[in-house]
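Below, each chain spelled out in residue letters.
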Amino acid sequence: MLQNVLQFLNDHYLILATIKILIVFAVLLGIVAYLVLMERKVLAFMQARLGPMRVGPWGLLQPIADGLKLLLKEDIVPAGADKFIFLLAPVISIIAAFTVFAVIPFGPPDKGFVISDINIGLLFILAVSSLGIYGIILGGWSSNSHYPLLGALRSSAQLVSYEVAAGLAVIGVLLCANSLSMVEIVKNQQAAGIWNVFRQPVAFIIYLIAAVAETNRNPFDLPEAESELTAGFHTEYSGFRFALYFMAEYTAMVLVSAIAVTLFWGGWLRPFASVHWLNFLDYTPVVVFLGAGVVVILGSIKNPVPGEKLFLFAVAGLCFFLAVVVAIPPVNAWIQGVFWFVAKVMVFLYAFIWYRGTFPRYRYDQLMNVGWRVMIPVGLANIIVTAVVIYWWSKPHAAAAATLLFR
Amino acid sequence: MADEPKAPPSGGPSEPPAKSPEAPEGAAPPAKPAGKPPAPAGKPPAPAPKPAVKPEPWSSPLLDELQKRFPEAISDPLIFRKQPSIVVAKESLLGVCEFLKSDRGGSYTLLTDETAVDYPKREKRFDVIYHLYSFQRNDRLRLKVLVGEGEKVPSVVGVWLTADWLEREVFDMFGVQYEGHPNLKRILLPDDWTGHPLRKDYDILRQDDAWVQANLNIKSGQ
Amino acid sequence: MPEATYLDANELVINMGPQHPATHGVLRVKLRLDGERVLGTECIIGYLHRGVEKIAENRTYVQFAPYVDRMDYVAAVTNGMGYCEAVEKLMGVELPPRAQYTRMILAELQRIASHLLWLGTHALDIGAMTPVFYTFREREEILKIFENYCGARLTTHAFRIGGLQYDLYDGFEKDATKFCDYLLPKIDEYEELLSTNRIWMNRTKKVGVLSGKDAIALGVTGPVLRGSGVKWDIRKVQPYEAYDKVEFEIPTGQNGDTYDRYIVRIQEMRQSVRIIRQSVERLAPGPIFGKVGKVIKPPAAEVYHSIEAPKGELGYFVVSDGSTHPYRVRVRPPSFVNLEALDIMSRGHLVADIVAIIGTLDIVLGEVDR
Amino acid sequence: MGLKELLRRIFLLDLVQGLRLTFSYQRPSATYTEQYPRERPPVAERYRGAPRLNNNPETGETLCIACNLCSLACPENLIVVGWERTEDRRKKLTTFTYDVSRCMFCGLCEDACPVDALELTQDFEIANYTREGMIWDRDLLEAGPQPVRYSR
Numbered sequence: 001m002l003q004n005v006l007q008f009l010n011d012h013y014l015i016l017a018t019i020k021i022l023i024v025f026a027v028l029l030g031i032v033a034y035l036v037l038m039e040r041k042v043l044a045f046m047q048a049r050l051g052p053m054r055v056g057p058w059g060l061l062q063p064i065a066d067g068l069k070l071l072l073k074e075d076i077v078p079a080g081a082d083k084f085i086f087l088l089a090p091v092i093s094i095i096a097a098f099t100v101f102a103v104i105p106f107g108p109p110d111k112g113f114v115i116s117d118i119n120i121g122l123l124f125i126l127a128v129s130s131l132g133i134y135g136i137i138l139g140g141w142s143s144n145s146h147y148p149l150l151g152a153l154r155s156s157a158q159l160v161s162y163e164v165a166a167g168l169a170v171i172g173v174l175l176c177a178n179s180l181s182m183v184e185i186v187k188n189q190q191a192a193g194i195w196n197v198f199r200q201p202v203a204f205i206i207y208l209i210a211a212v213a214e215t216n217r218n219p220f221d222l223p224e225a226e227s228e229l230t231a232g233f234h235t236e237y238s239g240f241r242f243a244l245y246f247m248a249e250y251t252a253m254v255l256v257s258a259i260a261v262t263l264f265w266g267g268w269l270r271p272f273a274s275v276h277w278l279n280f281l282d283y284t285p286v287v288v289f290l291g292a293g294v295v296v297i298l299g300s301i302k303n304p305v306p307g308e309k310l311f312l313f314a315v316a317g318l319c320f321f322l323a324v325v326v327a328i329p330p331v332n333a334w335i336q337g338v339f340w341f342v343a344k345v346m347v348f349l350y351a352f353i354w355y356r357g358t359f360p361r362y363r364y365d366q367l368m369n370v371g372w373r374v375m376i377p378v379g380l381a382n383i384i385v386t387a388v389v390i391y392w393w394s395k396p397h398a399a400a401a402a403t404l405l406f407r
Numbered sequence: 001m002a003d004e005p006k007a008p009p010s011g012g013p014s015e016p017p018a019k020s021p022e023a024p025e026g027a028a029p030p031a032k033p034a035g036k037p038p039a040p041a042g043k044p045p046a047p048a049p050k051p052a053v054k055p056e057p058w059s060s061p062l063l064d065e066l067q068k069r070f071p072e073a074i075s076d077p078l079i080f081r082k083q084p085s086i087v088v089a090k091e092s093l094l095g096v097c098e099f100l101k102s103d104r105g106g107s108y109t110l111l112t113d114e115t116a117v118d119y120p121k122r123e124k125r126f127d128v129i130y131h132l133y134s135f136q137r138n139d140r141l142r143l144k145v146l147v148g149e150g151e152k153v154p155s156v157v158g159v160w161l162t163a164d165w166l167e168r169e170v171f172d173m174f175g176v177q178y179e180g181h182p183n184l185k186r187i188l189l190p191d192d193w194t195g196h197p198l199r200k201d202y203d204i205l206r207q208d209d210a211w212v213q214a215n216l217n218i219k220s221g222q
Numbered sequence: 001m002p003e004a005t006y007l008d009a010n011e012l013v014i015n016m017g018p019q020h021p022a023t024h025g026v027l028r029v030k031l032r033l034d035g036e037r038v039l040g041t042e043c044i045i046g047y048l049h050r051g052v053e054k055i056a057e058n059r060t061y062v063q064f065a066p067y068v069d070r071m072d073y074v075a076a077v078t079n080g081m082g083y084c085e086a087v088e089k090l091m092g093v094e095l096p097p098r099a100q101y102t103r104m105i106l107a108e109l110q111r112i113a114s115h116l117l118w119l120g121t122h123a124l125d126i127g128a129m130t131p132v133f134y135t136f137r138e139r140e141e142i143l144k145i146f147e148n149y150c151g152a153r154l155t156t157h158a159f160r161i162g163g164l165q166y167d168l169y170d171g172f173e174k175d176a177t178k179f180c181d182y183l184l185p186k187i188d189e190y191e192e193l194l195s196t197n198r199i200w201m202n203r204t205k206k207v208g209v210l211s212g213k214d215a216i217a218l219g220v221t222g223p224v225l226r227g228s229g230v231k232w233d234i235r236k237v238q239p240y241e242a243y244d245k246v247e248f249e250i251p252t253g254q255n256g257d258t259y260d261r262y263i264v265r266i267q268e269m270r271q272s273v274r275i276i277r278q279s280v281e282r283l284a285p286g287p288i289f290g291k292v293g294k295v296i297k298p299p300a301a302e303v304y305h306s307i308e309a310p311k312g313e314l315g316y317f318v319v320s321d322g323s324t325h326p327y328r329v330r331v332r333p334p335s336f337v338n339l340e341a342l343d344i345m346s347r348g349h350l351v352a353d354i355v356a357i358i359g360t361l362d363i364v365l366g367e368v369d370r
Numbered sequence: 001m002g003l004k005e006l007l008r009r010i011f012l013l014d015l016v017q018g019l020r021l022t023f024s025y026q027r028p029s030a031t032y033t034e035q036y037p038r039e040r041p042p043v044a045e046r047y048r049g050a051p052r053l054n055n056n057p058e059t060g061e062t063l064c065i066a067c068n069l070c071s072l073a074c075p076e077n078l079i080v081v082g083w084e085r086t087e088d089r090r091k092k093l094t095t096f097t098y099d100v101s102r103c104m105f106c107g108l109c110e111d112a113c114p115v116d117a118l119e120l121t122q123d124f125e126i127a128n129y130t131r132e133g134m135i136w137d138r139d140l141l142e143a144g145p146q147p148v149r150y151s152r
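Protein chains in written order, with this note's numbering: chain A, 1 to 407; chain B, 1 to 222; chain C, 1 to 370; chain D, 1 to 152.
Derived by calculation from the structure, the hints in this document are not laboratory data. Be aware that a few hints might be false.
[Claimed, not checked] Computed Cβ-Cβ distance ranges for the label pairs, DEER-style:
no. : chain 1 : residue 1 : chain 2 : residue 2 : range
1   : A       : Val91     : C       : Glu42     : 38 to 44 Å
2   : A       : Ala17     : D       : Leu3      : 34 to 40 Å
3   : D       : Ala30     : C       : Ser211    : 17 to 23 Å
4   : B       : Asp201    : C       : Arg274    : 46 to 52 Å
5   : D       : Leu3      : A       : Val164    : 28 to 34 Å
6   : B       : Asp191    : A       : Val202    : 58 to 64 Å
7   : A       : Val202    : C       : Leu154    : 48 to 54 Å
8   : D       : Leu72     : B       : Asp191    : 38 to 44 Å
9   : A       : Val77     : C       : Arg347    : 32 to 38 Å
10  : D       : Gly2      : C       : Arg277    : 31 to 37 Å
11  : D       : Ala30     : A       : Ile328    : 36 to 42 Å
12  : A       : Leu278    : D       : Ala30     : 31 to 37 Å
The C-beta atom is built at its ideal place from N, Cα and C for all residues, glycine as well.
Take these sequences, add in the hints, and give me the full structure.
Dropping the structure here:
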């Protein structure tokens, strides 16, 4: 029976893909919603505050309240706006952000954790993620208002320049991996026994900075710098359309983190994947769920409100249940890749929030200076050095290189 | 208080010198319940240990220099609580200001404040008042210009740039017109407001009802 | 004034404010832009005009005192102190030392509170989100001292003409010294976050440069003037209260840019701590009121008194006609005069710099509009 | 720029020290927030909050002697004292209105009161749903504000 189902799914690739897409989409929506809560909480802790505390225990249900509020708000289209484009723009942004996940390997492909492993994956990512800028430009322009226009102008300039830097950083990885496929890049890191971040540290830093800039996050959040342009390109948006922009921004954050993890931090690979005596690390998921359960239990004991206590007990129970489930060896093996992938992405997302909690904002011209005068030259230099080193490495004797140079 | 003459704190207003205070320029505000009739009596010099209760005549080398350069223009040099003040004729205001700003005139380079006081019963109802400060001498000087209704005062924006907004505020609040000001329009009140609120005949409960009704859609702001 | 650069380029006119996150209240700045470069600014103020000077003419001297707290509402204590001193000067009242030192301690605490609030909001304008929460936390400690002393946190009405209404509460000295000890490491933390941060330096250095000569011509006072290298502080040059009896320094900048003004204010907080420490040591038991009668009735005269408020020279020009009501009270607001410099300081800069310059001028619209 | 400064810039040390500071602030003991309705903030003894007319604790009669000094002292003229003469020609308080909506809690009325009858208390929850509700009469002033204590 199961055999037949699997056979059927294999024969009808589209059905399997559709199921995967739906799962990824739902999970991403959940992650994005809770990313907002996480951002508010982490920022609050960095700023000696507590963050949301009212909706649910520790504000755990805050994302639901936020979502409902945005859904119920009036959808205002300003007078004089180009209505069609105004309504279309946020949709473009969010579609571009979600589409890219089609080629991200969340786990080993042989266990089915990638929607589509295409051989030009990286090109696809660069191409589609750049489309998101159309949403921002069109949204800013069609609002027929000064602040959104300025925000859109800044955004387009910023994205174009940092897209170049990010592309240059990625080329270093391509040279190492010898492939454009995301899956191949991870497998190459596995084969080499070393993550790309150690082979390409400069490229990694450039990519990291460019990623922050591309997602319009502090210190590069000029397009929506609230103290200068009120809210930048989405000043005139309200209600659900604003929520779409908001989700697009946070999805983009998840996206660039996922790309960075895949390209530089070994994707789904466990840390030290090739060191076998560290295999006990496979049980980290169990420890994580157990730890979370214990923390929640402790919190629920301290919580005075009966309803919240019950809710927290339920959450803790879920954590313990999950801990037990992932301790089952086949499940454990199956969950490994995606667990490490998500964990690494979380580290990146935390870093995004951390920057926001620490740094002032660059000025527009300084941002351009950093992009064009620092990042791009360094990126180019990195490519040249990488290329030379790889060429040297691949030749059995240096003489061949010498002949090439002095011919 | 430390720039005061360090007199022993013996006299206070608890024992005011019986009913003698004169209104500064000899007029009482109409709205004041406690307004007193002007009593320009002879000035008995205040007894030395007590803090002065009224302005005394002022003399200094700077004043002599000023009077030499601008005869007729300088009058009523008074000093109170170590604060000298002089009245300058409107016509020679710019000259006096330029001189005071120059090195020989004491280099009063900072115009601290410019304001006005309204004495509606006087013939020239406004005192336009300039507070100058000299970094070199660490000294303040108060200039007064007497202006009547509808008369124009030369603007000192050319001498001290600060005066720009300060003069606009005086115009806004008192309706004193300035000559040669680059951008004389209201600053705190809306451009189409009628009336000048700090005049004494502008009651505290009064407002520009027409403006309020037209712009705020309410009957009255009170 | 720079001209628009592109052929046939139309200037973009943008209204910044009165509802804008970075204009510190209800300031409205009309910006003329070429792209993002500022060709000129025009400040439109008065949205918060309450006619304080008119109110003064219709209140007694005592009754007017609570209103001055509401001008610069983040530095109510210094406002009240300036007003009380002006009337005291008019009457020739000398304060007992305990009252003087108490006033100084509270005024310096208020200066720190005002600078803290400035630092937080200025950093927030430039995009650093976190300092504002740290500075508000420290400011809270100051407000707690105010609340314990006089029963109000913001609009304190702490002083009365002739002295203090409230004597110090038990443990005030300890609270003040404890706060000083608490604050200094926190200032180091702000500096750690901002002073050497390359983004902060990029955003503030060479922005809004004001030479000493320009600063005097524009009449700016306070930290803005000192940031331009003019070593002038009313507490030193024309001391009031007992400022001539305590030791402190006047920090100055060299370049007159936004960064220097930031450093000046940071240093001023440290100097204020010094003043507070010395003043606390000299607090001795004694009377808290000078010789004033029950009814405040100054002689018919006029007097100008100015103090070094956190934002600059705060002057009161009080004209008395010998009655219990002031004939005229003119307030010389530091924010109003400092704001005038915005146009000259911001020409040729980018929109983002306008925000930094408005922040560095440290204006409070309650005081600008009165 | 010296070598040290150059190295600082290349290795982003100026940025790292800020990151270190914000990271260290995540310790739970650094949290400063007060969970207001759940935790009541401590209010200073001298706090100037909602006004109250004090009664003599023994007899229950008002301490107010209807001298009208508070009304005269008030900058906003928001106190109206009503009185009548009793048979022995003494003033007796009949009504007392206090418009809290206009009050700026300056404390001048409290200072003026010769018998400690009018007092600004430590109550700070004086919000009301109507403007009329902010005008307090004698009964309300003697009872003090009774705010709704919200809970979950």
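For each hint, the structure was consulted:
Distance hint for valine 91 of chain A and glutamate 42 of chain C: a CB-CB separation of about 39 Å, consistent with the stated range 38 to 44 Å. Between alanine 17 of chain A and leucine 3 of chain D the beta carbons are some 57 Å apart, a value that contradicts the proposed interval 34 to 40 Å. Alanine 30 of chain D and serine 211 of chain C have their C-beta atoms about 42 Å apart, which leaves the hinted 17 to 23 Å range violated. Checked against the hint of 46 to 52 Å, the pair aspartate 201 of chain B and arginine 274 of chain C passes, with Cβ atoms roughly 51 Å apart.
Judged by the Cβ atoms, the range 28 to 34 Å given for leucine 3 of chain D and valine 164 of chain A holds: they are separated by roughly 32 Å. Between aspartate 191 of chain B and valine 202 of chain A the beta carbon distance is about 59 Å. The supplied range of 58 to 64 Å therefore holds. For valine 202 of chain A and leucine 154 of chain C, the Cβ-Cβ distance of about 52 Å falls inside the hinted range of 48 to 54 Å, so the restraint holds. In this structure the hint that leucine 72 of chain D and aspartate 191 of chain B lie 38 to 44 Å apart at CB holds, the actual value being about 40 Å.
Between valine 77 of chain A and arginine 347 of chain C the beta carbon distance is about 37 Å. The supplied range of 32 to 38 Å therefore holds. Checked against the given bound of 31 to 37 Å, the beta carbons of glycine 2 of chain D and arginine 277 of chain C, roughly 35 Å apart, stay inside it. The hinted range of 36 to 42 Å is satisfied by alanine 30 of chain D and isoleucine 328 of chain A, whose Cβ atoms lie roughly 40 Å apart. Hint check: leucine 278 of chain A to alanine 30 of chain D, Cβ distance near 35 Å, so the stated range 31 to 37 Å holds.
Violated hints, listed in ascending order, are 2 and 3; each of the other numbered hints is respected by the structure.
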